[in-house]
Structures are given as structure tokens and as C-alpha cells.
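With the hints as extra help, turn the sequences into a complete structure.
Chains as they are written, first to last, in our numbering: chain A, 1 to 246; chain Z, 1 to 445.
Keep in mind that the hints were calculated from the coordinates and are not lab data. Hints are not guaranteed to be accurate.
Said to hold, decoys possible - Stretches of chain A that chain Z covers, calculated by requiring three or more beta carbons in the stretch to come under 8 Å of a beta carbon on chain Z:
#	segment
1	34-45
2	173-181
As the list claims (entries may be wrong) - Only some residues are given here: those of chain A computed to face chain Z with a beta carbon under 10 Å:
#	residue
3	V122
4	K123
5	P124
6	D126
7	N128
8	S159
9	F163
10	W166
11	Q204
12	F207
13	N212
14	A216
Stated by the list, open to error - Restraint-style ranges between C-beta atoms, simulated for each label pair:
#	chain 1	residue 1	chain 2	residue 2	range
15	Z	H275	A	A171	40 to 48 Å
16	A	G169	Z	Y362	36 to 44 Å
17	A	Q48	Z	H359	46 to 54 Å
18	Z	R324	A	E215	32 to 40 Å
19	A	D173	Z	E331	22 to 30 Å
Positions of the beta carbon are idealized from the N, C-alpha and C atoms, including for glycine.
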Amino acid sequence: MNASEIQMTQGTASVDPASPASFQLLLVEDDETIATLLSKQLAAFGHQTVIAADGRKALDDVVNRAFDIIILDRILPGIDGISLLERLRAAGIGVPILMLTALGQSVNKVEGLNAGADDYLVKPVDANELNARLHALHRARRWKKDDGDTLSAGDIVLSPTKFRAWRAGKALDLPNIEFKLLTEFVRNPGTMLTRPMLLERVWQYDFEPATNIVEAHIRRLRLKLTEHGGQDPIVTMRGVGYMLRD
Amino acid sequence: MGLRSLRALTLVFLLVFLATTIATVLGLLAVTHSTIAQLVDQRITAESDILAPQQSKLDRAELIARIDLLTRDRNTGDLGIVLTDPRGRQVAGNVQIGRPLPLGYSDLGQHDRIEGLTHGRALVRDIGGGLRLTVAAETEPVDHYDAARVRIYLAGFGSIILVVVGSTLLFTRSIRRRIVDMRATAEAIIDGDLRSRVPVDGSGSTFDRQAATFNRMLDRIGALMDQIANVTNDIAHEMRTPLSRFHQRLGLLASHAQAGPLRAELNEALNDANHLLGMFTAMLRIAEVEGGARRAGFAAVDLSALCAGIVTMLDAVAAESGHRLRVRAEEDIVMPGDRQLLSQMMINLIENSLRHTPHGSYIDVALHREGGEAILQVTDNGPGIDARDRKKALARFHRLDPGREQDGHGLGLPLVHAIVRLHRGDIALEDAEPGLRVVVRLPLD
Chain A
1 MNASEIQMTQ GTASVDPASP ASFQLLLVED DETIATLLSK QLAAFGHQTV IAADGRKALD
61 DVVNRAFDII ILDRILPGID GISLLERLRA AGIGVPILML TALGQSVNKV EGLNAGADDY
121 LVKPVDANEL NARLHALHRA RRWKKDDGDT LSAGDIVLSP TKFRAWRAGK ALDLPNIEFK
181 LLTEFVRNPG TMLTRPMLLE RVWQYDFEPA TNIVEAHIRR LRLKLTEHGG QDPIVTMRGV
241 GYMLRD
Chain Z
1 MGLRSLRALT LVFLLVFLAT TIATVLGLLA VTHSTIAQLV DQRITAESDI LAPQQSKLDR
61 AELIARIDLL TRDRNTGDLG IVLTDPRGRQ VAGNVQIGRP LPLGYSDLGQ HDRIEGLTHG
121 RALVRDIGGG LRLTVAAETE PVDHYDAARV RIYLAGFGSI ILVVVGSTLL FTRSIRRRIV
181 DMRATAEAII DGDLRSRVPV DGSGSTFDRQ AATFNRMLDR IGALMDQIAN VTNDIAHEMR
241 TPLSRFHQRL GLLASHAQAG PLRAELNEAL NDANHLLGMF TAMLRIAEVE GGARRAGFAA
301 VDLSALCAGI VTMLDAVAAE SGHRLRVRAE EDIVMPGDRQ LLSQMMINLI ENSLRHTPHG
361 SYIDVALHRE GGEAILQVTD NGPGIDARDR KKALARFHRL DPGREQDGHG LGLPLVHAIV
421 RLHRGDIALE DAEPGLRVVV RLPLD
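Here is the structure:
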């Protein structure tokens, strides 16, 4: 195993030292079985989940308790997910919302994001993937800074407008995709970025190619970053994703 | 051509009709001719009998006097009467006949040089005492009556023939047009265009109703085909939730502390579930594309830039698996489309070649404009696909090399096919000698 690889399995709650280990979550899901299974899996990561079986109960819960993140199913009895989302946003509730969509409804993803969701995930949900996204959402909320001209993380500095990047003061010669990839890491240092997250954000794909394009480009980026020496700043979490050391 | 062809049948019908008509005209002419001759014969026999009754001795002078009287009478003045003595000299009568007529009935013609007579009949009788009485009458009420009759018949029957021939040809052409329409539709359907229909003009004619019925049959077949296609999609939709639960449960089990000794097996099961999910994702993606809803989101897509970008992206992957990926794309090819789907189409095509060719193979991606179409070609020099398997390669779940279980789910090319159809293009698999060439044609507007 590579020194920068951390073997991670579910149940090891503290993955991301910079984030609080435990979130208060509201899961709005009408399928009882899935809701129970999901909350059990989330509990393994240390999160506490309140389940709401429909939109009305969800609205009550949101008023009565403070949640870190709301996980919202797209299709619900009574008030559907999108309407509920719009009501929450209209009521000034700014809690990050992760939308769950059923398999094969990619058109609806755009709709969900437009309605004010912060992220979306296709069911069935992989617990690691969901956990990584919850952390990413939480961090993005904490440091919602709109960057000036330069971004930095550790000894990496980059300028998205000038399309230039440096590590330890030395300029990096990065092709387009590697530059976008590095920008995504520098924007979210210390946050786990999963393969689907990177595909969405860097490539803007709403599908997953069969080949390992993320891995291939991460490998190239690593080579560029360690060209002039220094430790590999990207940590691989097997089966989950990648993280830039904070 | 045989008697079964429409053309031969028409021809035979027309020939028979023509022959029958001509026979009718000729028969009619002959019958009227003989009928008139009979009637005239009856008349001259009667007149001859009145002049010289059978078995009665007649005085020659009285006979001549009767002849005179008869020829002056208004009713019988048109008769020609001649009385000759035993030496053949004319002793009485009102006409000159140019030749000696035999006894009994005979035809008279212009060659007999009888004044005012073109066609007629004559009766010559021996009335005793060596005297011969000839009574002749015209068979034509007017001059050149036969010629006029032939002209009338020609005009009458000729117009009937024209009408029949004309309408038969029109009729045949109309039938032929209907048959050609129907055949064209059937052929279009054989070629895969299940939306093709026989033109209906709304006239409510038998042919029109036939076409409408034929179309209804095609609608029914189309609906059945859709049902069959939908079954797979429906199954996929229906199984989403149970599969989600199954996956979630397996995930939970695998993460359980007590799962230790079973973890390897559970992870294998989880992998299988993931494979199943990949298959479902692809099926539902195909269903989504085939649904056509994404057409609403079509926007101008720069295919050239898209192609270059994807090749650059996959170059990293190709390099790792020892493939050489080359691109030759014409600039500024822009078409209305779905950027995501067109990307997925190109990625799937290149991934397909990456997956099915050995290390060291090359993959050429070419994009150019031809007429109103963008033509994308992905060519490799791998083992290719057998000619008879090429069509099947676009069908769902048809894996050409079943031995390679780990390779995808057999839905890569069918998804490409669906995406191409959504963009109203077409796709062909060709032999690159050696290797496979996939040619995708997409209309630019």
C-alpha cells in the first residue's frame, strides 16, 4: 500500500479530521426500508438521523430542530421533493440540501439543482459516497468565500483567471483537465472528493464512463505536482475518492 | 411474366375484348345482311307469285299488261321486273339486266349494271311456255348503305373500345399505384422504419379502406413492438427500489463488525450488485434517450471541440493500456444536440475500441463534414466484428464474446445507437480490414 493511501472502510467514523465527526441529519424518504438502512449506515459514520416519511412531517421537523444537512428524496407522497425544497428555500432555510433521485432520472437532476439543492445523488446510495458528499457540503458551507484572484492550499497556489498554478513557488505546467482537477482540490482542501463528484465537477458529465479516466488524470496530476520533489499532496482513499492534504 | 402479372392480365383482357368486339361487329353485319336478304326474298317471291300464280296458265298479253301495271304502281314501282321469251329476249319489264340470271334466287351487284341498283336480290322463275319471269328488288334503302353501316358500327363500337381500353389502363394504373404504395411501406418497415404508413386520401374507397386497415395493422404491430421494448424498461423501473434496498442491505452487512469472516464474500456480492446496478443504469439511460424527452434540451454543440476534448481526456487512459489514440477533426462542426449524450456516445465508442483491442492497437477518431452531415468515424485495427454479427452488436444485451464476462454489460453500443437515433442520425459498423470502423452520421440541422 502506498504511503499516501489510507485504507478506509465503513465504520471508521473520523475520516476527515477538519470536519466535525458527527452531523445532525434530516432524511426525508418515504420508503421505510431504505430510510432505516440508510440511517443505520449513516450512524456507522457517527451521524444522527431523523427520518421524515413525507413533506409535511419534514416541514415540522425543520421548524423544531436544527439540522446540519437535509437529505431529500425527489419523489415523496403529498408534497414532492422539488416543491418541498422550494418551500424551504422560500422560508429562508439555508441548510445544505442533498437531493436523492431515482435511477435513470438524470433530467431531474438539473431541475433539483435549479430549485436550490446543493448536491444530488442517484439511488441506491453508496454510504461512503454519501458520507463524502455530506462532508464536502458541510465544508463548502463553512468556507463560502468567493475567491479573489488566487486560491491556495498548503504550498499550492493557483490563479483560475490566469490559468496558472505553482507549487512551493515553482510554476506547474498543467494541461486543461489537470488544471481543473487541481482547482477542484484546492477549492476543497481536506475534503474527500469522490470519483462521481470529480466527474460532475471537472468533466461536468451526468454519466460515469466505464474507463478509469479520473484515476488516469489523478496519476498525471500527481506526476506534475511531485516533479520538483516534495510529498505527494493527494491522498487516495481506496474505494471512496481523493483528498488534498490541508 | 406469366398470367399472374397485372400487366399480362390486362393485356389478355384487352385482346379478348378487342377480338370479341370485332367478331360482334362482323356478325352483326352478316346477320343484318342475311335478314334483309330474307325479307327481300319474301317480298319478291310474293310479288312473283301475284304476277304469275303457280300452276295457272297465263296469257302472255295479260301477263305483260300486269307487269306494266305493277311497275307503274307506287307501292311496287321499286321492283325490277323482266319477262324473257324462250330465246332469251326481253319481252316486257322495266329494267335491263346485264347478264342472264340462273333460275332461283341470286344476288345482284353493281357489276350487273342495273340502273339505280347497287345491291339487290332477284328471283327467276319458269312460268311455262318457255317464259321466264325475273323479279328483282334492292336490299339497300339508300345508296352505299353498307359503307354507311360499317362507318356507324366503327364509330359506335370504336368509342366503346376506346372507353374500355382507357378505363382499363387507368384502373390498372390505379391498382398498380396502390400496390406500389403498399409495397414501399412494407419495405420501409422491413428496413426498420416502423413509423412508415400507406398514404390514405380519405376518399373512403375500397382501396382507401384497405390502406387504412393495413395501416391499423401496422399500428398494432408497432404498439406490440413498443410493448416488447418497454418490457425491459418497465422491468428496470420496477426493480429499482428492490435493488436499492438489496444494495443498501448488502452494504450495511459488509460494514458490520461481525461480518469479518464473511467480508470477502459480502464484498463479492456487493460487486455483483454494483454490476447489476451498472446494467440498470445503462438500460434506464437507453430508455431515457429513447423516450425522446431530451430533445427538448437540444442546443448548439461544437462537435469538433467536443471530439478533441474527449480524445485528450481518454488519451491518458489509452496511454495506460498501451493504445495509440489519434484524432483528425475538422474545425467548427456545430450541430443541435445534447452535449452530455454526444459526449457519452463518443466516450462509449472509444471505450468500446479500447476494451476490444489488444495492447499496441491504434484507435483513430475522425470527424468531418459531408453535405449536411457530420461524420464521425472511430476505427481500430483490432479483431473487428464478423459481418453477420455487426447488426446484432447494436442490439441490447448482445455480447459478441460471451467469454469476457468482466467486460461491461453489452449495452454500450445499443446506447450509442439510441443516442444517434435521438439526433436523427444513423450508425454503421464496417470492416476496417483489419479491425472495426464505426461510422456515425449526424444531421447538422
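Taking the hints in turn, this is what the structure says about them:
1. Counting residues of the segment 34-45 of chain A whose CB lies closer than 8 Å to any CB of chain Z gives 6, so the stated coverage by that chain holds, three being the minimum.
2. Judged by the Cβ-Cβ criterion of 8 Å, the segment 173-181 of chain A is covered by chain Z as claimed, because 3 of its residues qualify and three suffice.
3. Because the closest C-beta pair between A/V122 and chain Z is about 8 Å apart, less than 10 Å, the hint holds.
4. Checking A/K123 against chain Z by beta carbon gives a least distance of about 5 Å; that is within 10 Å, so the hint holds.
5. Taking 10 Å as the C-beta cut-off, the interface hint given for A/P124 holds, the closest approach to chain Z being about 4 Å.
6. Residue-level restraint check for A/D126 holds (minimum Cβ-Cβ distance to chain Z is 7 Å; threshold 10 Å).
7. Among the interface hints, the one on A/N128 holds; its C-beta lies about 9 Å from the nearest C-beta in chain Z, closer than the 10 Å criterion.
8. Violation of the interface hint for A/S159 is found here, the shortest Cβ-Cβ separation to chain Z being roughly 22 Å, above the 10 Å cut-off.
9. Because the smallest distance between the Cβ of A/F163 and any Cβ of chain Z comes to about 16 Å, over 10 Å, the interface hint for this residue is violated.
10. Taken as an interface hint, A/W166 does not check out: its beta carbon lies about 23 Å from the nearest beta carbon of chain Z, beyond 10 Å.
11. The restraint placing A/Q204 at the interface with chain Z holds, with a minimum CB-CB distance near 8 Å, inside the 10 Å limit.
12. This hint holds: A/F207 has a C-beta 5 Å from the nearest C-beta of chain Z, less than the 10 Å allowed.
13. At a threshold of 10 Å, the smallest CB-CB gap from A/N212 to chain Z is about 6 Å, leaving the interface hint in force.
14. About 4 Å separates the beta-carbon of A/A216 from the nearest beta-carbon of chain Z, less than 10 Å, and the hint is met.
15. A hinted range of 40 to 48 Å holds for the C-beta pair Z/H275 and A/A171, which are about 44 Å apart.
16. About 41 Å separates the C-beta atoms of A/G169 and Z/Y362, a value consistent with the hinted range of 36 to 44 Å.
17. Judged by the Cβ atoms, the range 46 to 54 Å given for A/Q48 and Z/H359 holds: they are separated by roughly 51 Å.
18. Look at Z/R324 against A/E215: about 20 Å separates their beta carbons, and that is not inside 32 to 40 Å.
19. The hinted range of 22 to 30 Å is satisfied by A/D173 and Z/E331, whose Cβ atoms lie roughly 26 Å apart.
Hint check: violations occur at hints 8, 9, 10, 18; the rest are consistent with the structure.
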